[in-house]
Amino acid sequence: MGLSNLLFILIFLACVVWFTINVRKIRRNILLGKEVVINDRKPERWKKMFMIAIGQSKMVKKPVSGILHILVYLGFVIINIEVLEIIIDGIAGTHRIFASPLGSVYDFLIGSFEILALLVLVAVIIFLIRRNLLNIKRFGFREMLGWPKTDANIILIVEVLLMTAFLSMNATDQILQARGEAHYVEAGMYPISSFLIPFFESYSSSSLIAIERGMWWFHIVGILLFLNYLPYSKHFHIILAFPNVYYSKLEQKGAFDNMESVRKEVEMMFDPAADPYAAPVEPASEPERFGAKDVQDLSWKSLMDAYSCTECGRCTQQCPASQTGKLLSPRKIMMDTRDRLEEVGKNIDKHGKDYSDGKSLLGDYIQEEELWACTTCNACVEACPVSINPLSIIMEMRRSLVMEDSKIPQELTGMLTNMENNGAPWQFSPTDRANWVNES
Amino acid sequence: MSDTTTLKVNTMADLMAKGEKPEILFWVGCAGSFDDRAKKITRSLVKILNSIDVNFAILGTEESCTGDPAKRAGNEFLFQMQAMTNIQVLNGYEVKKIVTTCPHCFNTLKNEYPSLGGEYDVMHHSQFLQQLLQEGRLKIEGGSFQGKKISFHDPCYLGRGNGEYEAPRKLIEELDADLVELKRCKTKGLCCGAGGAQMFKEAEKGTKEINIERMDDVEEAKPDIVAVGCPFCMTMMTDGVKNKEKEDSIKVYDLAELIAEGNSL
Ligand code: SF4
Ligand code: SF4
Chain A
1 MGLSNLLFIL IFLACVVWFT INVRKIRRNI LLGKEVVIND RKPERWKKMF
51 MIAIGQSKMV KKPVSGILHI LVYLGFVIIN IEVLEIIIDG IAGTHRIFAS
101 PLGSVYDFLI GSFEILALLV LVAVIIFLIR RNLLNIKRFG FREMLGWPKT
151 DANIILIVEV LLMTAFLSMN ATDQILQARG EAHYVEAGMY PISSFLIPFF
201 ESYSSSSLIA IERGMWWFHI VGILLFLNYL PYSKHFHIIL AFPNVYYSKL
251 EQKGAFDNME SVRKEVEMMF DPAADPYAAP VEPASEPERF GAKDVQDLSW
301 KSLMDAYSCT ECGRCTQQCP ASQTGKLLSP RKIMMDTRDR LEEVGKNIDK
351 HGKDYSDGKS LLGDYIQEEE LWACTTCNAC VEACPVSINP LSIIMEMRRS
401 LVMEDSKIPQ ELTGMLTNME NNGAPWQFSP TDRANWVNES
Chain B
1 MSDTTTLKVN TMADLMAKGE KPEILFWVGC AGSFDDRAKK ITRSLVKILN
51 SIDVNFAILG TEESCTGDPA KRAGNEFLFQ MQAMTNIQVL NGYEVKKIVT
101 TCPHCFNTLK NEYPSLGGEY DVMHHSQFLQ QLLQEGRLKI EGGSFQGKKI
151 SFHDPCYLGR GNGEYEAPRK LIEELDADLV ELKRCKTKGL CCGAGGAQMF
201 KEAEKGTKEI NIERMDDVEE AKPDIVAVGC PFCMTMMTDG VKNKEKEDSI
251 KVYDLAELIA EGNSL
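Chains as they are written, first to last, in this note's numbering: chain A, 1 to 440; chain B, 1 to 265.
Next comes chain A alone, as it looks inside the complex (with noise of 0.2 Å):
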């Protein structure tokens, strides 16, 4: 074994490590929210993630960047099986393992690789220039500046390279295929990466063996620092796609959940048989709270949404709040809440598991205005390419602001206590409810 193989193995090794601590991470965050149970009616979940997510259908409503995502992530994960063939090229020592079992396969396979290696580089200048150049306005909200516009550009700057890196490895072993040196093994057929041979054709052997092997680490050890740029950034949505897209809603959008713990008690109310007297049988735990007011009263189906979020923005680009110029974009709700749950777990690992740092998320990340502007018309539900339900976040903020907090715009009080007194959102008595029947 060469002193090559040897560190491939380590920085392998390493960057799997990395990822691993990385992703328990999030999922021990994920499951800091409250338990729901998510287990029925699994045909019907595999074929929405068949759908949704392995078919992107939400996607292609937008067709131009839905299409040419598709393309990118084919190519991702097509490439992807010529990793595995580098990996084990890199242990092993040997060049083009594949090759000679796959025979006459193996050509078709890099010859389509390179194919959708250009069709990635392509569509991927395209977002570079939507992002950056052209005025699009889901792009632009608030929520967007900084951060997020940098891990943005981040990823699609690392693809370029990447995919560069990838055809000029290409370009220059076929030289040396050519050139009969030993290790490079004629094998595999280069439609795109053909056109690059001029640029390289002048160059000694030696020079293009130090290319060759230059481009070869720089592609894998971009893809394993790739990978392990994901638990950072919104493009873990790579992987959470799929399970959140499992884990969503199945009912009908306009049903919103009957919280148990409420049901309980006016069921109690309701029944006359329960002694008014009697202790009440509540268990000796802690009494759950009513709504969300910190990340941890969330389900971990919103949190898992909170991590699946791409910042797209198409659930902004439909939400009538923010089209009219309101504080609210559902984007900035998963954004936040994510950001949020980030900053509990560095505090976990920090200072323990029942460390408070007298922050939450409703209050210190989400304003109240931006709640009360909801119409709960299911719009950004409805757009979310990976069934993210932003609306689910905002019901149970206001359920805490209104049943913990007693929070409320007074006009809604006004509405509540009509419906308390005579039945009805406004002041009219009962008793003229058919009044309509003789009116002309």
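Check the hints yourself; a few may be wrong.
As the list claims (entries may be wrong) - Straight-line distance between alpha carbons at most 27 Å, and here's what the computed DSS-like set of lysine-lysine pairs gives:
{"id": "1", "chain 1": "B", "residue 1": "K188", "chain 2": "A", "residue 2": "K48"}
{"id": "2", "chain 1": "A", "residue 1": "K293", "chain 2": "B", "residue 2": "K201"}
{"id": "3", "chain 1": "A", "residue 1": "K58", "chain 2": "B", "residue 2": "K183"}
{"id": "4", "chain 1": "B", "residue 1": "K96", "chain 2": "A", "residue 2": "K137"}
{"id": "5", "chain 1": "A", "residue 1": "K48", "chain 2": "B", "residue 2": "K186"}
{"id": "6", "chain 1": "B", "residue 1": "K188", "chain 2": "A", "residue 2": "K249"}
{"id": "7", "chain 1": "A", "residue 1": "K61", "chain 2": "B", "residue 2": "K188"}
{"id": "8", "chain 1": "A", "residue 1": "K407", "chain 2": "B", "residue 2": "K205"}
{"id": "9", "chain 1": "B", "residue 1": "K188", "chain 2": "A", "residue 2": "K62"}
{"id": "10", "chain 1": "A", "residue 1": "K407", "chain 2": "B", "residue 2": "K208"}
{"id": "11", "chain 1": "A", "residue 1": "K47", "chain 2": "B", "residue 2": "K186"}
{"id": "12", "chain 1": "B", "residue 1": "K186", "chain 2": "A", "residue 2": "K249"}
{"id": "13", "chain 1": "B", "residue 1": "K186", "chain 2": "A", "residue 2": "K58"}
{"id": "14", "chain 1": "A", "residue 1": "K62", "chain 2": "B", "residue 2": "K186"}
{"id": "15", "chain 1": "A", "residue 1": "K58", "chain 2": "B", "residue 2": "K188"}
{"id": "16", "chain 1": "A", "residue 1": "K264", "chain 2": "B", "residue 2": "K201"}
{"id": "17", "chain 1": "A", "residue 1": "K137", "chain 2": "B", "residue 2": "K183"}
{"id": "18", "chain 1": "B", "residue 1": "K208", "chain 2": "A", "residue 2": "K62"}
{"id": "19", "chain 1": "B", "residue 1": "K183", "chain 2": "A", "residue 2": "K62"}
{"id": "20", "chain 1": "B", "residue 1": "K201", "chain 2": "A", "residue 2": "K62"}
To be verified - Just so you have them, the derived chain A footprint on chain B, three or more residues with Cβ under 8 Å:
{"id": "21", "stretch": "5 to 15"}
{"id": "22", "stretch": "22 to 34"}
{"id": "23", "stretch": "54 to 67"}
{"id": "24", "stretch": "112 to 120"}
{"id": "25", "stretch": "152 to 163"}
{"id": "26", "stretch": "195 to 206"}
To be verified - Label-pair ranges, simulated between beta-carbon atoms:
{"id": "27", "chain 1": "A", "residue 1": "G363", "chain 2": "B", "residue 2": "K139", "range": "56 to 64 Å"}
{"id": "28", "chain 1": "B", "residue 1": "T5", "chain 2": "A", "residue 2": "G140", "range": "52 to 60 Å"}
{"id": "29", "chain 1": "B", "residue 1": "G147", "chain 2": "A", "residue 2": "I154", "range": "56 to 64 Å"}
What the hints contain is simulated information worked out from the structure, not anything from laboratory work. Ideal Cβ positions, reconstructed from N, Cα and C, are used throughout, including at glycine.
For chain A, the structure is supplied; the task is to place chain B with the ligands on it using the hints.
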């Protein structure tokens, strides 16, 4: 225009006393009971039902708010209190089938009552009217609406909320009218701005009211009529049209009104 038709309306209590049960319960809803504009929608639906002898009843004074605005405002207690009260009444009358003109009542009764013990077959009036049409019980004539350009404004809780986009459109086509879609329609339909208890408060600070934003779509489609299927959309659309001073050229009607008037009821 005064409406002098005498309506035949039974309450569940009346029928119960006679030992009878109706085919459907018409859930009128708070807006349909108390809001002057929405009462016209209620009366129109009753005229249609009367004209083809559908045996229906209302709860009358025994009906109470479904609790939808309380739930959406975050007061789950009040919602569940309202729900339990209504469920006791509905189950007491052994109600099986409910029709309502309000998508918010429709959604709540259909989706949020079952797990609290209230399981009914719930239909929005557009769905019920379409069913009557299919069964051959209802004929839609269209009358003066024939050939008119009509746009349908999807109510959030009928469309996205419950996936019903077709029934209202079938009814409009049946009028022999020209259905012109608004730019943002069906799954991409823009809210009127009233949902989620917004009806009962001023909007938060912004650059525009939502119903005015919606008028951009209306002005682009240039319909003679904006058809709605929700009493709250009715208020918001009517205000929007007024705000643009277009009330002479663009009328706002509920689907039930279009059918009743088209059939000269
Ligand atoms: S449900 Fe609320 S947040 Fe979502 S699009 Fe509608 S108004 Fe915006
Ligand atoms: S919630 Fe969904 S639609 Fe909104 S930004 Fe995130 S991924 Fe995009």
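Legend entry - Hints not upheld, ascending by number: Numbers 4, 16 and 20 - these are the hints that the structure violates, sorted from lowest upward.
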